[in-house]
Each structure stands twice: as C-alpha cells, then as structure tokens.
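Number of protein chains: 4
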Amino acid sequence: MDSITECTEFPVKFNEVDSLSIVWHGHYVRYFEDGREAFGEKYALRYLDIFNAGFTAPVVNIQCDYKRPLRYGDRVKVETTFVDDLAAKIRFNYVLSNPVTGEIIAKGSTVQVFLDKDTELLQLTTPAFFNDWKKRHLYNHL
Amino acid sequence: MDSITECTEFPVKFNEVDSLSIVWHGHYVRYFEDGREAFGEKYALRYLDIFNAGFTAPVVNIQCDYKRPLRYGDRVKVETTFVDDLAAKIRFNYVLSNPVTGEIIAKGSTVQVFLDKDTELLQLTTPAFFNDWKKRHLYNHL
Amino acid sequence: MDSITECTEFPVKFNEVDSLSIVWHGHYVRYFEDGREAFGEKYALRYLDIFNAGFTAPVVNIQCDYKRPLRYGDRVKVETTFVDDLAAKIRFNYVLSNPVTGEIIAKGSTVQVFLDKDTELLQLTTPAFFNDWKKRHLYNHL
Amino acid sequence: MDSITECTEFPVKFNEVDSLSIVWHGHYVRYFEDGREAFGEKYALRYLDIFNAGFTAPVVNIQCDYKRPLRYGDRVKVETTFVDDLAAKIRFNYVLSNPVTGEIIAKGSTVQVFLDKDTELLQLTTPAFFNDWKKRHLYNHL
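Top to bottom, those sequences are chains A, B, C and D.
Okay, so the first sequence: first residue is 1 according to the UniProt record's numbering, each after it adds one.
Okay, so the second sequence: first residue is 1 according to the UniProt record's numbering, each after it adds one.
Okay, so the third sequence: first residue is 1 according to the UniProt record's numbering, each after it adds one.
Okay, so the fourth sequence: first residue is 1 according to the UniProt record's numbering, each after it adds one.
If you are wondering where the hints come from, they were derived from the structure by calculation, not from laboratory data.
Please note that the accuracy of each hint is not assured.
Same chains, same label: a pair holds when it works inside one copy or across any pair of copies.
[What the hints assert, rightly or not] In silico lysine-lysine, BS3-like type, Cα no more than 25 Å apart, as pairs: (1) K67 <-> K89; (2) K42 <-> K134; (3) K67 <-> K107; (4) K67 <-> K117; (5) K89 <-> K13; (6) K117 <-> K13; (7) K42 <-> K135; (8) K107 <-> K89; (9) K13 <-> K77; (10) K77 <-> K67; (11) K135 <-> K117; (12) K117 <-> K89; (13) K107 <-> K13; (14) K117 <-> K42; (15) K77 <-> K42; (16) K89 <-> K42.
Quantities reported herein were computed from a predicted structural model and do not represent experimental measurements.
Extracted from the complex, chain A is given alone in its bound form:
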C-alpha cells in the first residue's frame, strides 16, 4: 500500500461565500487543511504530533484545480490521500466533492517539508519518526 485516504465533511459557511455567491477560491486552502487535520487526527500526524517529534512541517507547494462552484447551503466532502514519497516530504492529494450529487468540486495537492523545530534547518533525509510512522500506517500490511 503506498497511499492512505481519510474523509471529512462539513457545510459551506456563510462567511466563505463571496459576492459572486460562490465560495471564494482562497478558502479551499483551509478546506485542504481541514482534510489534512482529519487525516492527522485519525493517523496521528497532526501539526502537534510532528512538533512533539521535534519538527515543523511547512507547506512548500500547493496546487488546486477548481472544477465546479460551491454555494451557501452546499456540503463539502474532502478526501485526503497521503501519497508515499521517497524524499523527506509529506505529500497529500485532495478531492473535494459534493456528497449529495457526487460531483467533483476541486482537486489539489500539497507538499510539506521538515524543519528542525529549534534550528529551523531543512531536513534532507526523512526523520526517523516519520519512517516509523510509515512503517506503522503504510507498510503494516506487507
């Protein structure tokens, strides 16, 4: 297995909708983070878990393709998929959909790197805690 997926779902909020009556595109970055948090909660990979292991994990790349608009009253389903990477990176793919109609709303991805939480030095090799995490969650069926 080289990927794991976790889902979360929530309603669009009034304050996320812009004057075109659709969710402002910038809020999707928060939806991605909501997906990542739900994943992290399930698989012990939240910012706090990473911090407690001695690292921070800033986002260094984000991409999003917007397929259909979201409106106030809609619900959003976020499927967050962890994709294994040989480099010292955390890579997630996201699929946002309307849970009622099943229509795809957006697809995107983020890449995070590891910094030592004290020195802020970029980690060029995968931290031991993260290799352990992969063994436990990703390779446990090998």
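Place chains B, C and D on chain A using the hints.
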C-alpha cells in the same frame, strides 16, 4: 491631552465581500487591527514593541456598531484613537468612515490587557514601559 | 419561555492560532456565526430561511468579552441563545467554553436587523414571518 | 510585448502569522489577489471592470511555491505579471519578495476563465471586451 488619533485608509478587498455584496461584519475586526497597527507604527506601540518590553497584550473586549454597509469598490478610512485609562489596559476607539462621502460606516472599541510574556501572568498595575510611553506621547505637552 | 439555546462544538484549527499560540480574537466572530448557523439549522432561522422570507438580516452590533485563551488542540463549545426582543431585531447571546474542563472562554452577543431584500429598507416593525417563527418556536408552550 | 507587470507592497499583518511565527500559507492566496487588484486598478481589469463588461472571471487554477518564510514585521512586494494566452483565459504569474533584502519569498500563478454573468456559461472564445483590452494595453507598441 488624554487621547491621540491616527488615521489609515485602504480599499475594500474582493474577498472581504459576502454574498449580500457587503463586507462581512467579521472583517471589521481586522480593520480595527489595521487601525491599531497604523497607530502602533506611528507611536511605537506595535505588538512587537510591547513584546520587546516583555509583555503580550491580548484583546479582552471588543465592541462594534455597524451603521452603513461597505461595498466592493469603496475605500475605508479608520480613525484609531488611544484613550488614556488609569487601569493597566490599552483602550482604543475606532471610527470607520467612507473617505469620499464622509459617512460613518461603523464605530467600535477594543480593550487590551498586559500579560508577562514568559509567565503569562496578568499585570494588575501599568507596566513601567507603558507609563513611559504615555509620558512621551500623551503627556508631552504638559 | 423567552429564550432558546442550541449548542455546537468543534476543534480549534491550526490556521486560527496566531503567533502568541492562541486563537486570534477576530476568529471568535466566526465562532459566533458557527453558533448562529447551528441554531438556525435546528430552528429554521438560517440566512437562507430569512432570505426566502424576503429579508436579509445584517449584524448591526457585536460584543465579545474574552475570558481565557484557546489553543491549538483545544475544542470549543458554543452555546447560542436566542433572546426575545420586542423590537424588529434578532438578538443572540453566546457562551464559548472548553467542553473538557467546562471553563468559560468568552461571552458575547450580536444584534441583527431586517432589511427588505430588494429595496434594502430597514424594517421598523417585526416581519410577519418572524412573528410566526416566534409563535412556533418560542411561545409554543404557552 | 506579451506580458505586463505591476507591483504593490504592504506589511505582514499580525493576524496573518500562525503559531510557527510565520505567515500561514493560505494567506498567500490573498496576497496574489492583492497583486491582481493592484494590476487591475492600474490597467482597468478589476472584477468590477470585468463584471461591467458582462462577465465574471472565477479562478480555475492556482499554484504556489513557497521559498522562504514571512514574519511579522516583514514587508511583502508582489510583482503581478499578466501573461498573454491565446485561449479565453486570464493568466497571471506572481513573484513575492522581501523589498528590503530582495529575497524571493514565493512564486505562483492563477488562471481565470470567463463566465457570462447572467447565464454563467463558460466562454470558449475570448470575449470582445478582453480582446480590446489586450489591444489597448498589450499590443499598443506594435
């Protein structure tokens, strides 16, 4: 003199306007902070100045009366007035107006207290640095 | 009965926490709106319900007292209480607490008025739909 | 000439900084929009201009590479470059830098399409107003 006022001005942003085509009321809290920052920049009372003096200054009360809506295309003028307080508090009043028409958009206020930045203990007496600040900026014409 | 209360609960999000490691005070306005939305969902008083009745209901006053900080990892409980008002207004009180410790985090209130959705005219008397709503939900035990 | 660039500059705001003491990555989407608005102000291509021409222009793709962190106290310079595209799209590239040190903070891009503002139909050919705009601003030195 028991008050000082500083002004700043900026355009409404597209992403601040909600589906009623007016600025979402929550963004006024940021406008207040923009006003406070402009004041702090002019009078050396930014978060960083307070932090460097050994304190943080969290907001403990906020109030806002909304008089007229703001729309995309409008500009906002924020008048931020520091009001002296005998207690160990930072008190600001805000007047938001349309700089073109002069119409009042909103009025509000914030109150901040001082916490020791390390112990997080609430300061019951005004910190020395802030008494000095008042002498320099508020009582300098005495 | 002259009030109704509804509760909702959610975790603090990473992106809501500021550099003092506490939730930035402006986000509480969204927490109030989350509470109001949960209330509206339960009692058919969402923005959409009001809009479908022919009105918009902008917030004209907000107040918040911050009692204790919220941190990443905390959960927030929002108790939203509708308080009856003889004037043509919607009045809510909010109590934010930590659902684990029971500690009060903040208390606040909002006041909304009714505008005709087409003419944007302020309604000086309570709209018929809202009197009906009160009869159904607030006075139903009389 | 197949591109035009406009610059804008502003300070990092306190409420944009997260608990890692750096600007939360999601705020860069607003920085891009700030850059686009400054460009649109200069070259008459704001959301309002597009709307008055009969269209909306939702963002359908966004990408961002984060190179260095931004901190409270920093200023940000946004260079927004319009890149000509034969398709019915608006394409912008963004370079964020520290105006004091000149260091690159981030690079990104957005793509927008045109929808008829009434029917919401996707425009497959470049709207006449936008061809005129290009002639005026982009090809005026031919």
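Here is what the structure says about each hint:
With identical chains, the CA atoms of K67 and K89 are at most 25 Å apart between copies only, with a shortest distance of 15 Å across copies and 27 Å within one. With identical chains, the CA atoms of K42 and K134 are at most 25 Å apart within one copy only, with a shortest distance of 14 Å there and 42 Å across copies. Taking the closest pair of Cα atoms, K67 and K107 come within 25 Å of each other both inside a single copy (8 Å) and across two copies (23 Å). Taking the closest pair of Cα atoms, K67 and K117 come within 25 Å of each other only across two copies (18 Å); inside a single copy the shortest separation is 37 Å, beyond that limit.
In this assembly of identical chains, K89 and K13 lie within 25 Å of each other by CA distance solely across copies; the values are 22 Å between and 32 Å within a copy. Taking identical chains as interchangeable, the C-alpha atoms of K117 and K13 lie at most 25 Å apart only when they sit on different chains, with a minimum of 20 Å there against 34 Å within one chain. Taking the shortest alpha-carbon separations for K42 and K135, only the intra-copy value of 16 Å comes in at or below 25 Å, while the best inter-copy value is 44 Å. For a Cα distance limit of 25 Å, the shortest separation of K107 from K89 qualifies both inside one copy, at 20 Å, and across copies, at 19 Å.
Taking the shortest Cα distances, K13 and K77 sit within 25 Å of each other both inside one copy (14 Å) and across copies (17 Å). In the homo-oligomer, the alpha carbons of K77 and K67 lie at most 25 Å apart inside one protomer (14 Å), although the nearest pairing across protomers, at 30 Å, exceeds that limit. Proximity of K135 and K117 under a CA criterion of 25 Å is satisfied intra-copy only: 23 Å inside one chain copy versus 41 Å between copies. Taking the closest pair of Cα atoms, K117 and K89 come within 25 Å of each other only inside a single copy of the chain (16 Å); across copies the shortest separation is 34 Å, beyond that limit.
In this assembly of identical chains, the alpha carbons of K107 and K13 lie at most 25 Å apart whether taken from the same copy (20 Å) or from different copies (22 Å). In this assembly of identical chains, K117 and K42 lie within 25 Å of each other by CA distance solely inside one copy; the values are 23 Å within and 34 Å between copies. Proximity of K77 to K42 under the C-alpha cut-off of 25 Å is found in both arrangements, the shortest distances being 16 Å within a copy and 21 Å between copies. In this assembly of identical chains, K89 and K42 lie within 25 Å of each other by CA distance solely inside one copy; the values are 19 Å within and 40 Å between copies.
Hint compliance for this structure: no hint is broken.
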